[in-house]
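Asker: Taking the hints into account, I'd like the entire structure generated from these sequences.
So the sequence shown is residues 1 to 51, counted in full-length UniProt numbering.
Be a bit skeptical, because a hint or two may be false.
[Stated by the list, open to error] The calculated label-pair distances, taken between Cβ atoms and stated as ranges, are: (1) His-21 <-> Gly-51: 25 to 35 Å; (2) Ala-50 <-> Gly-7: 17 to 27 Å; (3) Ser-25 <-> Gly-51: 26 to 36 Å; (4) Phe-14 <-> Pro-49: 11 to 21 Å; (5) Ser-47 <-> Asp-24: 14 to 24 Å; (6) Ser-19 <-> Gly-51: 11 to 21 Å; (7) Asp-3 <-> Thr-33: 12 to 22 Å; (8) Arg-2 <-> Leu-35: 14 to 24 Å; (9) Arg-8 <-> Asn-31: 14 to 24 Å.
Everything labelled a hint here was simulated from the structure, so no lab data went into it. Every residue gets a Cβ at the ideal spot worked out from N, C-alpha and C, and that includes glycine.
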Amino acid sequence: MRDRDTGRSRGFGFVTFSSQHEADSAIAALNETELDGRRIRVNMANSRPAG
Numbered sequence: 001m002r003d004r005d006t007g008r009s010r011g012f013g014f015v016t017f018s019s020q021h022e023a024d025s026a027i028a029a030l031n032e033t034e035l036d037g038r039r040i041r042v043n044m045a046n047s048r049p050a051g
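Answerer: Here is the structure:
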């Protein structure tokens, strides 16, 4: 998917942590920070319903 305004790739990825504590720490430390000039969102993935 591309951003409508900039035409740049929206980009996304998934990371698996070994504990809930590590995941929570990463979210707290990295959510809404800047990476390569872009603000990133870090949150827990949600399961999609089957069907």
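Asker: It remains to establish, for every hint, whether it holds in the given structure.
Answerer: For each hint, the structure was consulted:
Checked against the given bound of 25 to 35 Å, the beta carbons of His-21 and Gly-51, roughly 33 Å apart, stay inside it. Checking the proposed 17 to 27 Å range against Ala-50 and Gly-7 shows it is violated: the Cβ atoms sit about 34 Å from each other. A hinted range of 26 to 36 Å for the beta carbons of Ser-25 and Gly-51 is consistent with their spacing of about 34 Å. Separated by about 18 Å at the C-beta atoms, Phe-14 and Pro-49 satisfy the suggested range of 11 to 21 Å.
The beta-carbon spacing between Ser-47 and Asp-24, approximately 18 Å, falls within the hinted interval of 14 to 24 Å. Judged by the Cβ atoms, the range 11 to 21 Å given for Ser-19 and Gly-51 is violated: they are separated by roughly 32 Å. In this structure the hint that Asp-3 and Thr-33 lie 12 to 22 Å apart at CB holds, the actual value being about 18 Å. Between Arg-2 and Leu-35 the beta carbon distance is about 18 Å. The supplied range of 14 to 24 Å therefore holds.
Separation of Arg-8 from Asn-31 is about 20 Å and conforms to the stated range, judged on CB atoms against 14 to 24 Å.
Going through the hint list in order, the structure does not satisfy hints 2 and 6.
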